[in-house]
Amino acid sequence: MGVTTGQLAAELAIRDVIAAIAHTCDWGTVDEYVDHLTEDAVWSMPPNPVLGLDATTRTGRVEIRAGVEERRGLGLQGPGSRTMHVVQTVQIVAVDGAEATTRASWLYVAVRDEGIVVQSLGRYDDHFRADATGRWRLAERVVTFL
Amino acid sequence: VDDLAAIEAIRHLNARYCYAFDDRDVDAFVGCFTADGVFEFAGTGRVLRGADEFRAAVLNPSHSGRHFTTDCLITVTGASASQRCQLIELGIDDEQPVVRRYGRYDDGLVRTAAGWRFASRRLEYASGAATRARPGPRAE
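Which chain is which? The protein sequence lines are A and B, in order. Under this note's numbering, think of the first position of the first sequence as 1, with each following residue one higher. Under this note's numbering, think of the first position of the second sequence as 1, with each following residue one higher.
In case anyone wonders, no lab produced these hints; they're calculated from the structure. Where a beta carbon is used, it is the ideal one built from N, C-alpha and C, also for glycine. Among the hints, a few may not be true.
Unchecked claim - Derived coverage of chain A by chain B (criterion: at least 3 residues anywhere in the stretch with Cβ under 8 Å from a Cβ of chain B; other residues may be distant):
no., stretch
1, 42–49
2, 58–68
Stated by the list, open to error - Here are the computed distance ranges between Cβ atoms for each label pair:
no., chain 1, residue 1, chain 2, residue 2, range
3, A, 62, B, 45, 37 to 47 Å
4, B, 108, A, 80, 20 to 30 Å
5, B, 79, A, 9, 13 to 23 Å
Given only the sequences and the hints, what does the whole structure look like? Please build it.
What follows is the structure, encoded as C-alpha cells:
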C-alpha cells in the first residue's frame, strides 16, 4: 500500500508543530507557544543538573505555561536569552486517525562565559492529537537528556 | 499535493543553499536567489543585493564550517511562499568541533520558471554575530 496524500499532509503538519514549538520557545510569545499544546497536554522533564532544575511533570496549559514563564524569568530560554533549540531527526512513528507518536533528537545551545556551548542534548518522545478541524497539537512530551 | 511538492522543493533549496555557501560554489549560491534577491543581516543594516555582493560573501576567506538548517516552517501561497527555519553553524577550531553561531532565517520565496528561489533572506543571530574567533579555512 502506498502512502496517501492525507497521511503525508498529517505527517507534514505534525513536523510543523514540532518545529513551531521550537521556534515559539526561542522567538515567540508564551501565548504563541502554548497554542501548540492541547488543553490537557502533559510535559515531563527529567532533572537537569546543568541548569539546576528538578524533575517535573506539568499537566495542562496553565502548568506548562508557568514552567515556560519560570524558565524565561531565569533567562534560560526565550527572546533575548541568546539560547536556541535545534530539533533534528524527526521520526513519525505512527499516525492513527487523530493520534500520532513521534520521536526527535534535540540540542539546546547557549552563550555562556566560555563562548557558545551545546548546553544539553537529548530526545523528545511526543504524542500528538488532531482536533475536529484537523489541527494537530502536542498532547504529551517526554524529554530525555543524553 | 501541489503544496506538498512545493514544500519538498523548498527543502531541497535549503539544502542547496547550505552546500553552495559551505563549498564556496558561487554560481550555485547565486542560483538560489531571484535576480533581484536580497539577503539581510537583521539588526545590522547590512544587506546584500545582486550576484556581485553574493559572490563576495561566498568567497569571504573568513568563512569555514558548515551550515545546518532545521525546524523549517514553510507556508505556500500559490507562486509565493514564506519560511522560518533555525540555523546552526558548526566548524572546527583547534581540531575540535564547535558551534560558531546560531539563529533564524525568515524567508520570502517565489516560484520561477526554474523552480523555487529566495526573493529575500533575513538572518537574525540569537547567539550574536561573532562570539567565537573564526580562523580561516584549514589547508587540506
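Each hint tested on the structure:
Taking a C-beta to C-beta cut-off of 8 Å, the stretch 42–49 of chain A contributes 0 residues in contact with chain B, too few for the three needed, and the coverage statement is violated. Counting residues of the stretch 58–68 of chain A whose C-beta sits closer than 8 Å to any C-beta of chain B gives 0, which falls short of three, so the coverage hint is violated. Between residue 62(A) and residue 45(B) the beta carbon distance is about 42 Å. The supplied range of 37 to 47 Å therefore holds. Taking 20 to 30 Å as the suggested C-beta distance range, the pair residue 108(B) and residue 80(A) conforms, at roughly 25 Å.
The hinted window of 13 to 23 Å between residue 79(B) and residue 9(A) holds, with their beta carbons roughly 20 Å apart.
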